[in-house]
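Work out the full structure, taking the sequences as your base and the hints as a guide.
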Amino acid sequence: VPRFYKKREENRGLAPGSLVFIGEKKTEALRVRLFEYDDQTLAEETLHEVGRVRGLTDTDTIKWINVDGLHDTEAIREIGEEFGLHPLLLEDVLNTGQRPKLEEFEDTLFVVVKMLRYDEAAEMIIAEQLSIVVGPSFVLTFQEQPGDVFEPVRERLRNRKGRIRASGSDYLAYALLDSVVDNYIYIIGRIGEEVEELEGEVLESVDPELIAEIGRLKREMSFLRKAVRPAREAILKLSKLDSDLIQDNTSPFLKDLLDISSQAAEAIETYREMLSDELNIYNSAMSHRMNDIMKVLTIFAAIFIPLTFIAGIYGTNFEYLPELHYRYGYFVLWGVMIGVAAAMLYFFKKKGWF
Amino acid sequence: VPRFYKKREENRGLAPGSLVFIGEKKTEALRVRLFEYDDQTLAEETLHEVGRVRGLTDTDTIKWINVDGLHDTEAIREIGEEFGLHPLLLEDVLNTGQRPKLEEFEDTLFVVVKMLRYDEAAEMIIAEQLSIVVGPSFVLTFQEQPGDVFEPVRERLRNRKGRIRASGSDYLAYALLDSVVDNYIYIIGRIGEEVEELEGEVLESVDPELIAEIGRLKREMSFLRKAVRPAREAILKLSKLDSDLIQDNTSPFLKDLLDISSQAAEAIETYREMLSDELNIYNSAMSHRMNDIMKVLTIFAAIFIPLTFIAGIYGTNFEYLPELHYRYGYFVLWGVMIGVAAAMLYFFKKKGWF
Amino acid sequence: VPRFYKKREENRGLAPGSLVFIGEKKTEALRVRLFEYDDQTLAEETLHEVGRVRGLTDTDTIKWINVDGLHDTEAIREIGEEFGLHPLLLEDVLNTGQRPKLEEFEDTLFVVVKMLRYDEAAEMIIAEQLSIVVGPSFVLTFQEQPGDVFEPVRERLRNRKGRIRASGSDYLAYALLDSVVDNYIYIIGRIGEEVEELEGEVLESVDPELIAEIGRLKREMSFLRKAVRPAREAILKLSKLDSDLIQDNTSPFLKDLLDISSQAAEAIETYREMLSDELNIYNSAMSHRMNDIMKVLTIFAAIFIPLTFIAGIYGTNFEYLPELHYRYGYFVLWGVMIGVAAAMLYFFKKKGWF
Amino acid sequence: VPRFYKKREENRGLAPGSLVFIGEKKTEALRVRLFEYDDQTLAEETLHEVGRVRGLTDTDTIKWINVDGLHDTEAIREIGEEFGLHPLLLEDVLNTGQRPKLEEFEDTLFVVVKMLRYDEAAEMIIAEQLSIVVGPSFVLTFQEQPGDVFEPVRERLRNRKGRIRASGSDYLAYALLDSVVDNYIYIIGRIGEEVEELEGEVLESVDPELIAEIGRLKREMSFLRKAVRPAREAILKLSKLDSDLIQDNTSPFLKDLLDISSQAAEAIETYREMLSDELNIYNSAMSHRMNDIMKVLTIFAAIFIPLTFIAGIYGTNFEYLPELHYRYGYFVLWGVMIGVAAAMLYFFKKKGWF
Amino acid sequence: VPRFYKKREENRGLAPGSLVFIGEKKTEALRVRLFEYDDQTLAEETLHEVGRVRGLTDTDTIKWINVDGLHDTEAIREIGEEFGLHPLLLEDVLNTGQRPKLEEFEDTLFVVVKMLRYDEAAEMIIAEQLSIVVGPSFVLTFQEQPGDVFEPVRERLRNRKGRIRASGSDYLAYALLDSVVDNYIYIIGRIGEEVEELEGEVLESVDPELIAEIGRLKREMSFLRKAVRPAREAILKLSKLDSDLIQDNTSPFLKDLLDISSQAAEAIETYREMLSDELNIYNSAMSHRMNDIMKVLTIFAAIFIPLTFIAGIYGTNFEYLPELHYRYGYFVLWGVMIGVAAAMLYFFKKKGWF
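Residue numbers (my numbering), protein chains in the order written: chain A, 2 to 355; chain B, 2 to 355; chain C, 2 to 355; chain D, 2 to 355; chain E, 2 to 355.
If you're looking for bench data, these hints aren't it; they were derived computationally from the structure.
Some hints could be false.
[To be verified] Taking lysine-lysine and the BS3-like style, the derived pairs with C-alpha atoms no more than 27 Å apart in a straight line are:
1) B:K256 with B:K162
2) E:K241 with C:K238
3) C:K352 with E:K352
[Said to hold, decoys possible] Some chain A residues near chain B, calculated using beta-carbon distances under 7 Å:
4) F301
5) A303
6) R328
7) F348
Note that beta-carbon positions come from the ideal geometry of N, C-alpha and C, so glycine has one too.
As structure tokens, then:
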């Protein structure tokens, strides 16, 4: 399965705004979780029927509706109608290959980001598209799979920790994005550690696995960059947005979030550069070893091949070969050989080969 | 035939605005297809005479005139006159080596893009220039060869699916561009799959075909980029255009289109980087194998060349060579040889060569 | 002679505005060609005296004065005075190492570009500086050598083809620039063909000439870029210029010219990238061949060196060497040798070396 | 420990604005140093209780409160409350993995930079986060470890040197930042010297340590860049800031500081390029040596292997081998061998191998 | 001594605006040369006392005061006071490691550039900092060493050549900068010639000196860029400056100067690219030669090692070795050997190795 970009075979040629889900088809019902709260009250509920979202927009309390699963396009459409969402927005929610972005609709903001989680057991990154719709008194979040990074936000809602219960939907959306970006930082740090560990190894190791490892980490970083860079752009746009939906006292929090995502984007670039440097240094070290190997070969060959030749001469069976009959011929032979070998060694020594 | 840029020998030095077709000359008539529609009615017709386009501009219905073939410059001029097109515009329609662009004329918009189709049978990309002229109540599309990516748009027109029949010429133009960009994404995905598949192979394979493959994919990506990047620019300009021709409710669709083409441009860059990384890793892996080969050679040479030399010594025919006459000379020889070989092996072991 | 940038030794330290010609000194008279025309009349003349330009500014007809040769600085100064040109402008005309640029003076526009021609016979590019001065009713063009790319413009003037005779000096200047840029495209295409042809060769060829060829093409592209990129900037500036000298209906033509020069600049970048890729692929292919060569060597050496050693053992002349006296010693020897060789082959096979 | 980016495991999922210190936990009290001064008076004091900062904001004198240690989050909160600092600001003070930045709060400016010191004894760079809060009549500086680069500023305060005592809090903040940036320049210079020293060595040395050294210096430069580049951005923002806190006559000093930090950022880029060039040249030099080694091997092998073969021929024990019985066979053999060797040498000479 | 960036050890921690000279300390008096002129009069004088500058600001004539030597900080301060210069300006004059820049003070402009001269005898570049202060009726220039590039300007002043005597201080400053930039172009051309000469050599030469040469030229270009790029920025700023000090008719000259410095900056980039290409091509050519060397080795080894082995077989002393006793054994041996050799040659031929 291509990991980087999908072909979008399914919705080539469809009318824009057509609701088509491009992921795995399933039959189970969507899981919809509702948090309804204001400073004083909090209701937490799992809705078993999408129809239950009706009428929610009428109250002043903040509603967070978290939808897990996108395969039931009919249910998604129903939610969309209830909250007055633009067809293109809904299409983007279902099309999980979106580039992260911020879009402003008439009375809603629409943010798409990649939600990354690090599965500590499997030692892999789990990525999926998170769509956030922010309205005056509600926040909708859509994702394909159950499992998210929002547990700390839920805890803060339940425990009335921080300013979240006293703030509006914009702060809730910020808190969710903050959780997402915190996980970017964490994952970049995890992979970055592996990058930094490689540094010590590239000079010594002769393990070809190292090249594979560098390649793998480069791809991980490309993958992360694909999630982080446009998310940073979206957050930048959000922090500069002049919209009624964003209250004044949320602004410093968005700027803080922008700082963190800038840092994430920068960290990825730094690690990518480090990986390139590591590959270069690995190659240099390998060339160096190659030189060493060739020196050993050349020294052995250059010393013993001439000697073997000399011995070969006196191994010929010529009838008339005067040296063979000298009393000390054999010893002279050794002398000559040692002389030749010493001369060769001196030559290589002078060339600085050892 | 140069694939990337044409020399434009034919129209070097012609007066600007001269209508010269630079492609293959043919004699058959152009194929002109007309869709005339409003929310209630739809007429689909193939015009056998260019003269039939006369008077079409007078009605309020939306007209989509799709011209296949550019070799009949006289007919093109006739259409241009009927719709009041600028001579430079017509020149660009005929000159199929245009860089994708958006141009604003007095009461028309002119968009040039490359229309790419993937021929599944031949496994190749078919590219040609598509010129779109958008007027208040008409859309003209010009292309050199029959065959396009607009069948889904035609289906939607026929079936009154989506908002297309109820919208103006700007939405039709958008729908056509959307089809074009959808095919970009599809083709990038196809080629991207090949890029991603190579990843696993570069470390193991010793097949020189792999280098050729990387080279080929790089060129494909360069070719795609040449089509996609300026198309993205044109769409960006279109989405920011302040023109009477673009209605307010078409705007979100154009922004959506811009997102998709940004994603396409980004995907190309990512794949290009991946290909560069793959070549680097292939080279590293090859150096690594080279080191291995040289180690094998050196170990064999360094062990057996000295041994052969020693054997050579005792193969000489010196009359007086004392060792030959010792009772256990031969066995001592073996002992010495095994000792030398063991010493060498120890030396290489210590150097970490195996 | 340095081809890329001149040292400007001659005019180091001169007063700005001093007229010094830095090219080859000659004694022959300048060749001045005059086209004087309006929609109805056309006079074409070769002036044998520079003094003849006097009084030309007084009429309403469009005058195109084309000066071949810059060595007679006195004559150039005379022309400059007649048309009221700024001393710095004249200095730039004579200093043929200018960077292409557009400058706005009080009532003239000054454009400097490189005029490139492809000499089909010599298969080389001929480059020289072209200075264009545009006034309300005149265009002056200065160049060092006879021979230019303007013959098609002259033809159009003579034949009243296109709108050139009915337009002003701005359109004439555009037409001249258009001819220049058309030749850029043509030359880039010619060299680009060579670049594209190399693509197929880099993988197979072992000819070191290929590296030289890639190097040469890279330099050609650098040279072209040095001409095209600043020319594009100048044309961009020209197309955005708010000047009385540029009439409204010339604007679309300038935009078209900008498109073509953008395309030229882009083509150069694409070809430069292709050349880099080709060098990389050539290097990879060469490494690959190296690996092949080393494998052959290592296989031969690793098989036959041990065998030769074994044969050497039994070539020794030890008095007591039991194996020599066995009845089947020789055949056992062959058996052992074949066994060793087979084992080695199996080892290399398993390593995937052939 | 990852040196480049921290994972921020501790505060993943916390409410924004939560005060969590991510460094080493300690129990000792914070060290708070107070300078209170105006043009006439100066009081220098070490506060043993954080509570002593109360009421300091009421006077018109300039107060510089320097806090060493961040582990006592309660004390930090107390200071924050006294000076009316935003919770996000305090969170950033404690989170020492911040990206350098400038933030504007209602009546304070908040600057975060990395304070780098070169420990001459240990030959290493000591880095820590410095947070500067600038108010109308106070400057707060926070850092984790004791030891800073501000001694010269303190001296100038004590000795009334320069304009510092007569200026406001903005000038004090500038003076502190100036000290920080001065140390950037100094450290870049130190490491840069090592980079420049390597230049002479890369061509001659065969020491693999050199690769390690280049790798190490590249990482140092990446590390410095991570501190300097965003600091430069912050200073740029500061120098362009339109704030009541910055007095007019401090402006030239900030511009000067910007110049110096631009120079620092540029120096880092130059040194990084130099390191890349050095690695390239080292690799080229190594390839060159490899060629030399292979030439020696090939010359020896190509001369002596054929000779040994010839000798081997006449070492065979064929009963009928005519040459062996010629009177001068042995001498002819030598003649042939010398001829072969001379021919080989001539061949290699002609190839330019020595 | 580090050539690229100085550590600034001496003034780390000093109060900003402190006058500290960081160069070589000397005791001799500064050399101050004064040109006082207007259109009619010219006085040229060497001042032996700094005090003589007093009162110079009162007259309307243009004063050019050129100070050689910066070691006497007291004298510099005196000059500064007389002309009302800002302490930071004076600090920058003395600190000769400044980045080239333009600064605007109340009634003066301050330009810092590197003045480069090519010493033809020593074949080296002499670089030093030139500080130019432009006031309404004076220009101050400060440099550390005697010797400059201004002799042509002085000549023009003495001979009333060009418009310099009739113009103001702004034109004088321009003329000085023009001299500086002219020398940039000249020096870049000189070094560029060496770069272009290398082009022909990289393919053929095997001299390792070539790598050293490429490295040296790259560093020269880095050094030049460090001077030229910020100088270009300063000139750009100057040409766009809206200041009373710059008269309208000086503007075209500044634009011209900007063009020349842009060309200088561009030339440096082109030469840097050419050097990188040259190194790449040198490396490719070296790989190519390596392949050739290895082919020779492999062909020799693969042909003669098996033959030697065969000869070795028949050199064994087995009692029972039937082939030795055949009448034509020896000739059959030769036949087999020639066959093997021919087969090998055919094999290598087919592989395209020669």
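| task | Any hints from earlier that this structure breaks? Give me their numbers in increasing order, please. | result | 5 and 7
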